[in-house]
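Chains as they are written, first to last, in our numbering: chain A, 182 to 620; chain B, 182 to 620.
Hints were generated in silico from the structure; no laboratory data involved. One should not assume that every hint holds.
It does not matter which identical chain is used: a pair holds within one copy or between any two.
[As the list claims (entries may be wrong)] 25 Å max Cα-Cα, derived DSS-like pairs, lysine-lysine:
(1) Lys468 / Lys612
(2) Lys287 / Lys584
(3) Lys326 / Lys222
(4) Lys478 / Lys468
(5) Lys256 / Lys272
(6) Lys478 / Lys287
(7) Lys582 / Lys513
(8) Lys256 / Lys276
(9) Lys612 / Lys478
(10) Lys222 / Lys312
2 protein chains.
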Amino acid sequence: LIAGNYDEAKLLLEPSQPVDIADAIGSLPLILQALAFRLLKKNEAIEVYEYLDPVVQQTLLERLRSGEVLEIVEKMSPDDRVQLFDELPAKVVRKFLSALSPGERKVTAELLGYEPETAGRLMTTEFIDLKEMQTAAEALSLVRKRAPFTETIYSLYVTDKERHLTGILSLRDLVTADPSRPIGDVMTRDVVNISTNTNQEEVARAIQRYDFLALPVVDKEKRLVGIVTVDDLIDVIEQEATRDIYAAGAVQPGDEDDYFQSSLFTIARRRILWLLILVLANGLTTKVIAMNDQILKEIVLLAAFIPLLIGTGGNVGAQSSTVVIRGLSTQKLKSLGAIRAVVKEAITGALLGVFMMLVVFPFAWWQGEGPLIASAVGISLISITTLAATTGAILPLLFDKMKLDPALMSSPFITTVTDIAGVFIYLSTAKWLLNSSLT
Amino acid sequence: LIAGNYDEAKLLLEPSQPVDIADAIGSLPLILQALAFRLLKKNEAIEVYEYLDPVVQQTLLERLRSGEVLEIVEKMSPDDRVQLFDELPAKVVRKFLSALSPGERKVTAELLGYEPETAGRLMTTEFIDLKEMQTAAEALSLVRKRAPFTETIYSLYVTDKERHLTGILSLRDLVTADPSRPIGDVMTRDVVNISTNTNQEEVARAIQRYDFLALPVVDKEKRLVGIVTVDDLIDVIEQEATRDIYAAGAVQPGDEDDYFQSSLFTIARRRILWLLILVLANGLTTKVIAMNDQILKEIVLLAAFIPLLIGTGGNVGAQSSTVVIRGLSTQKLKSLGAIRAVVKEAITGALLGVFMMLVVFPFAWWQGEGPLIASAVGISLISITTLAATTGAILPLLFDKMKLDPALMSSPFITTVTDIAGVFIYLSTAKWLLNSSLT
Numbered sequence: 182l183i184a185g186n187y188d189e190a191k192l193l194l195e196p197s198q199p200v201d202i203a204d205a206i207g208s209l210p211l212i213l214q215a216l217a218f219r220l221l222k223k224n225e226a227i228e229v230y231e232y233l234d235p236v237v238q239q240t241l242l243e244r245l246r247s248g249e250v251l252e253i254v255e256k257m258s259p260d261d262r263v264q265l266f267d268e269l270p271a272k273v274v275r276k277f278l279s280a281l282s283p284g285e286r287k288v289t290a291e292l293l294g295y296e297p298e299t300a301g302r303l304m305t306t307e308f309i310d311l312k313e314m315q316t317a318a319e320a321l322s323l324v325r326k327r328a329p330f331t332e333t334i335y336s337l338y339v340t341d342k343e344r345h346l347t348g349i350l351s352l353r354d355l356v357t358a359d360p361s362r363p364i365g366d367v368m369t370r371d372v373v374n375i376s377t378n379t380n381q382e383e384v385a386r387a388i389q390r391y392d393f394l395a396l397p398v399v400d401k402e403k404r405l406v407g408i409v410t411v412d413d414l415i416d417v418i419e420q421e422a423t424r425d426i427y428a429a430g431a432v433q434p435g436d437e438d439d440y441f442q443s444s445l446f447t448i449a450r451r452r453i454l455w456l457l458i459l460v461l462a463n464g465l466t467t468k469v470i471a472m473n474d475q476i477l478k479e480i481v482l483l484a485a486f487i488p489l490l491i492g493t494g495g496n497v498g499a500q501s502s503t504v505v506i507r508g509l510s511t512q513k514l515k516s517l518g519a520i521r522a523v524v525k526e527a528i529t530g531a532l533l534g535v536f537m538m539l540v541v542f543p544f545a546w547w548q549g550e551g552p553l554i555a556s557a558v559g560i561s562l563i564s565i566t567t568l569a570a571t572t573g574a575i576l577p578l579l580f581d582k583m584k585l586d587p588a589l590m591s592s593p594f595i596t597t598v599t600d601i602a603g604v605f606i607y608l609s610t611a612k613w614l615l616n617s618s619l620t
Numbered sequence: 182l183i184a185g186n187y188d189e190a191k192l193l194l195e196p197s198q199p200v201d202i203a204d205a206i207g208s209l210p211l212i213l214q215a216l217a218f219r220l221l222k223k224n225e226a227i228e229v230y231e232y233l234d235p236v237v238q239q240t241l242l243e244r245l246r247s248g249e250v251l252e253i254v255e256k257m258s259p260d261d262r263v264q265l266f267d268e269l270p271a272k273v274v275r276k277f278l279s280a281l282s283p284g285e286r287k288v289t290a291e292l293l294g295y296e297p298e299t300a301g302r303l304m305t306t307e308f309i310d311l312k313e314m315q316t317a318a319e320a321l322s323l324v325r326k327r328a329p330f331t332e333t334i335y336s337l338y339v340t341d342k343e344r345h346l347t348g349i350l351s352l353r354d355l356v357t358a359d360p361s362r363p364i365g366d367v368m369t370r371d372v373v374n375i376s377t378n379t380n381q382e383e384v385a386r387a388i389q390r391y392d393f394l395a396l397p398v399v400d401k402e403k404r405l406v407g408i409v410t411v412d413d414l415i416d417v418i419e420q421e422a423t424r425d426i427y428a429a430g431a432v433q434p435g436d437e438d439d440y441f442q443s444s445l446f447t448i449a450r451r452r453i454l455w456l457l458i459l460v461l462a463n464g465l466t467t468k469v470i471a472m473n474d475q476i477l478k479e480i481v482l483l484a485a486f487i488p489l490l491i492g493t494g495g496n497v498g499a500q501s502s503t504v505v506i507r508g509l510s511t512q513k514l515k516s517l518g519a520i521r522a523v524v525k526e527a528i529t530g531a532l533l534g535v536f537m538m539l540v541v542f543p544f545a546w547w548q549g550e551g552p553l554i555a556s557a558v559g560i561s562l563i564s565i566t567t568l569a570a571t572t573g574a575i576l577p578l579l580f581d582k583m584k585l586d587p588a589l590m591s592s593p594f595i596t597t598v599t600d601i602a603g604v605f606i607y608l609s610t611a612k613w614l615l616n617s618s619l620t
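Isolated chain A, as found in the complex (with noise of 0.2 Å):
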């Protein structure tokens, strides 16, 4: 390419999957992208652009001619023209606007008008709608008309003379049914639907739990207005999945999509938040140990034992939060219910920690020389490991109970919730044993 090979590049494209030359185009020097997609036929360079990296699509606005850009801007489907224009600034967007075909400029003002995440901002309004009155012959004709202009032909709208959805069918059953029938006797009139304004992690599990191809959205009045299909939501359930992983790793929820593209100062910032909360939650631990510095002053060895127990303790917290919050985002947890899944949380930290204390106790005994540290590291650590498995349940549920997002109660917030509460046990239990050997 570099050496002006046109015709050989142009053979290398040819018989590739769209998403195999985005990402060819992508790798490229910045200033050959452009003449790289410009080799590229009409029909296929728009396909190609959707699947394109949002920061290489943004480049090849400036670099291509206006009305080259334009043609693929009229041309892309109505969704990911949406997504296009979420990540471009207003100005460029409004130009944009203004220049489109009048029924594309419809489309997309709506489509923009409802809020981001939801139903209404990933469907398409390229779909099919019949009329029940239709044979399945007249049927299957039209949908080989429209196929050109639709994001998928296999699942099928029926609406009224008002655009209520009255009944779907696939393309499956309109193929196998009697060509004289009409579809009114075809298509299933059991629909399940979603609202513009549902959020997409819900249109996901919808989507998942029926397995179904594409959904349909209907407004406010139920009328038909758009579909959302199975290969949009697949990129949403990972998009969740990497947002529920950051907040187990207090890591604050953004693009994640483009964080490996994100300057230094914007990853810092999404990571401040929460280290600063931690922090100053962890100022309480310091509080605590140094109103006890009594008892250190007189056993400095206790504290060799700190990191040890509060570690651990915020280990068996991390485990419980973590698999309560996948619990909650999956809704397999309610299938046990809340209540039933602290106590057994709860149990399950017991006997870890008596578990674990088998081989604590004779470390502790060893390490901190004689009877006393080990008994109050033992007894600390059954406590402490009951305490953070309980604490990791209960925090998520209470919060879900509140509408709040449970993964804000993530592993380093619980560990933190751990650490204040394990040391005061520690300190205490050492006190109490050594006030009762000294009487």
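Given chain A's structure and the hints, the job is docking chain B onto it.
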């Protein structure tokens, strides 16, 4: 239903989606499940059965008459049948296998022969294969005929005499094609295929990348043996995300699906291994502190800042490892490269350390009664956060390079590593500061 009002119950189940019926049956008391299930129509019963929870499936197997059971198992689609057999004891599976019709038996035994979590296990053998010579009209009538017996009719496959895959076409291509043209002219020859032993995670990634509804699976001789459909892969994507999230919380991955049904000991067993490894590692922290007890004896208040320092280090390390592990798992880190990722994380760690010092230093001055502890805390805070971020990035990348699962380098592990190093850095700094201030 309890009152024996069967007709009403039947009506109630009538208009629902199979998955909803499956849920309703699953929530019934054990003795009623079989009763409710018998009320379903034959065809519906099989579909509903495929959606039932594995536990309920097994209960039904025991409670229905063996004739009924055999009919269901015979009519299930091969991939769902294999999934059921995976859960059953080997003895029961052998009994079922021998009772299946020869054709179904052969297919099922074949699928069971592939490794778990590979494309071979996920795929169904019920697909439509066409020949290049057939006209679009011929092909369409073939599709019509075979529609009731295949999982999808939207992805069609073209094979030669040796059953080698030569092309694919979608039902959309077929429906819109000129009826008299041979499908060899319409099909796409550039086929993305996977092999029977491809890991399910890779299969999911491929289907997500290309936005396909199904992927063809070929054997070692490149013959088409099955297809994997998108609905099976959505479950895989969720399962893999759960696995990553569990790993991030140091919960050993097991059968994630049935967690909320497993016993306390199973749960504890899945967590104890990691906890024991971590507790042993934390023993090193104890050793480090015990070896430095001289300085703690002199300044007991130093101990009060240990949890804060190692806690913060752990949190920063957890953030870095979370982002890097997720980046490896979604393959988005590729665009940045390993070395640049580590450098980026190291600088971020240092930045975060400086930010936090602005809060922690004054606090340590006040609580630690003077500049000595404050300086020790401040200096080690920056060193610890930098080290933690670097370790959090390097260890998962190293594991990935060594072909081990990077998710094993989870937050709790990074936290523990940081604990040991953090205590050492802190106490050494304090010792050095004390010595310099004395001389």
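Hints and how they fare:
Taking identical chains as interchangeable, the C-alpha atoms of Lys468 and Lys612 lie at most 25 Å apart whether they share a chain (17 Å) or sit on different chains (22 Å). Taking CA atoms no more than 25 Å apart as the test, Lys287 paired with Lys584 passes in neither setting, with 35 Å inside one copy and 51 Å between copies. Only within a single protomer do Lys326 and Lys222 lie at most 25 Å apart by alpha-carbon distance; the minimum there is 23 Å, versus 37 Å between protomers. In this assembly of identical chains, the alpha carbons of Lys478 and Lys468 lie at most 25 Å apart whether taken from the same copy (16 Å) or from different copies (19 Å).
Taking the shortest Cα distances, Lys256 and Lys272 sit within 25 Å of each other inside one copy (21 Å), while across copies they are farther apart (59 Å). For a Cα distance limit of 25 Å, the shortest separation of Lys478 from Lys287 qualifies neither inside one copy, at 75 Å, nor across copies, at 75 Å. When the C-alpha separation of Lys582 and Lys513 is checked against a cutoff of 25 Å, the pair qualifies only within one copy, where the shortest distance is 16 Å, while the shortest distance between copies is 34 Å. Only within a single protomer do Lys256 and Lys276 lie at most 25 Å apart by alpha-carbon distance; the minimum there is 16 Å, versus 58 Å between protomers.
In this assembly of identical chains, Lys612 and Lys478 lie within 25 Å of each other by CA distance both inside one copy and across copies; the values are 12 Å within and 18 Å between. Taking the closest pair of Cα atoms, Lys222 and Lys312 never come within 25 Å of each other, the shortest separation being 36 Å inside a single copy and 29 Å across copies.
In summary, the numbered hints that this structure violates are 2, 6 and 10.
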